[in-house]
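If you want the building blocks of each chain, they are given just below.
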Amino acid sequence: MTPAWFTVGAGARGPGHRLSGTGCEDAFAVWTHGDALAIALADGVGSAAYGARGAACAVAAALKGARTEVEAGTAEPDAAFAAARNAHRAVHQCARDRDTVASELASTLIVAVARGDRVGIAHIGDGGVVGDTKLEGLAVLSAPFRGRYANETTVLTSNQWERELAVSSHTGVRGLCLFSDGCQNTCLMLGVEPRPFAPFFAPLFAHSGRRLPGLGVELHRLLASDRFSDASSDDKTMIIGVLDGAGA
Amino acid sequence: MGYELVEFNHHNMEPRQDLLLVVDTSSSMSGDIDEVNRGLQTLQAALQEDPLARKCVEVAVVTFGGMPVVRQSFVELARFEAPTLSTQGATPMGAALMQSLDLVDAHGALLREVGIPRRSRPWVFLITDGQPTDGDSWRAARDRIHRAERAKELVFFAVGTETADFSVLDKLGPRGAKKLRDQRWHELFLWVIDSMRSISRSAIGEQVPLLPTRGDDGSGWEAV
Chain A
1 MTPAWFTVGA GARGPGHRLS GTGCEDAFAV WTHGDALAIA LADGVGSAAY
51 GARGAACAVA AALKGARTEV EAGTAEPDAA FAAARNAHRA VHQCARDRDT
101 VASELASTLI VAVARGDRVG IAHIGDGGVV GDTKLEGLAV LSAPFRGRYA
151 NETTVLTSNQ WERELAVSSH TGVRGLCLFS DGCQNTCLML GVEPRPFAPF
201 FAPLFAHSGR RLPGLGVELH RLLASDRFSD ASSDDKTMII GVLDGAGA
Chain B
1 MGYELVEFNH HNMEPRQDLL LVVDTSSSMS GDIDEVNRGL QTLQAALQED
51 PLARKCVEVA VVTFGGMPVV RQSFVELARF EAPTLSTQGA TPMGAALMQS
101 LDLVDAHGAL LREVGIPRRS RPWVFLITDG QPTDGDSWRA ARDRIHRAER
151 AKELVFFAVG TETADFSVLD KLGPRGAKKL RDQRWHELFL WVIDSMRSIS
201 RSAIGEQVPL LPTRGDDGSG WEAV
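Residue numbers (my numbering), protein chains in the order written: chain A, 1 to 248; chain B, 1 to 224.
Hints are all accurate, no fakes.
Some, not all, of what chain A presents toward chain B, calculated at C-beta under 8 Å: (1) C187; (2) L204; (3) L222.
Distance windows between CB atoms, simulated: (4) A:E162 to B:S167: 51 to 59 Å; (5) A:P213 to B:D194: 44 to 52 Å; (6) B:A45 to A:D230: 14 to 22 Å; (7) B:V208 to A:Q160: 25 to 33 Å; (8) B:L211 to A:Q160: 28 to 36 Å; (9) B:V75 to A:N159: 40 to 48 Å; (10) A:P199 to B:V75: 25 to 33 Å; (11) B:D194 to A:G21: 15 to 23 Å.
To be clear, the hints were calculated from the coordinates, so they are not data collected in a lab. Glycine included, every Cβ here is placed at the ideal spot set by N, Cα and C.
Excised from the complex, chain A in its bound form (with noise of 0.2 Å):
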């Protein structure tokens, strides 16, 4: 059997966003194509003005680039991060077109690039990575930047995105997530090594793999919960993707 990945993703806007009335800050983007998989996730910041305009800019262009350098054969971390790359200027020219700072298109940016289990992994910011891997099992591919406050993140459209991105390479992956910042606390342990917390994510990879017609409604449901509600007021949004045929 040739692996494949499947995926499935979702996001609720968090009850902070529902009292201010603002709409969800999040956006994702998904390709798959056998066992070639890109999905990119960034998260408006919400103090910019078009934070999530910036966002869906990014993950749009992230995407794009990353299925060009996919198909070019370019290794995983490498187009992970020429995905960041296009994000970045076209965010700028994105900017420029609406006769704007990019400051205010800023988001944060994750961008999983995997051909068969081998993944690499752009990440700008806060959200994360976790993977379900052959040799560790759970653990985190990606953790999210933390600073003093918890509006202190990186963002895409800084000057110092190339310093501050962090790529990563990974073999042996059977499944990843990828999930916005208003997951991390129901999901993390988030010490000083932050790890994953295995209840949440045990079922949600297994559920995830049996391919089930109408999981996206599904894992909206769970984001949109209460018991997640009260878990953060922030927009949540995950990403799931499962290798089939990867082996135990």
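Put chain B on the given structure of chain A with help from the hints.
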């Protein structure tokens, strides 16, 4: 049998907003202490009812009447019980402020250790009707407050009644002191409550402007 099987890490990891009340409980505050106690109870009730504030605001109370006392270390609002304060003795304001700043630093270290970020800078809120009686120790506190403000590590407020020594209070923090109008303690506590609500509702990264402390129509708690 689906995503409902997912279990959450239930530790409250919501970014925190610290509120430290530094309350003068010296003998001269005897006429005001009941109002202050009512204000603390109002603060507890109002913020515990607020679904966002109760998860992110942590409150601590330091008093100085005879000696500085940590009446309540930082605690999540959901578990905060307003202490009933009484008055006695002199006004060791300098020592109380130094102890308060230690408390803020220690809480910051604890939050960092467990990986909880702060929502915005801790608030240190001084309430007094008098002047320091512990010599020049207020000067060391003043220097530390100004350093911490410059480093954006806290926001300091000093509020004095009509009888307070504003020649000292004005120097403690970079934004000077405010004078309480006509013993409007209730309005003062409502302002603190609304400020905490605003911060807990703010988007991450949003600069939350201070709420007005007085209105043209005579409302508010600050004396002109």
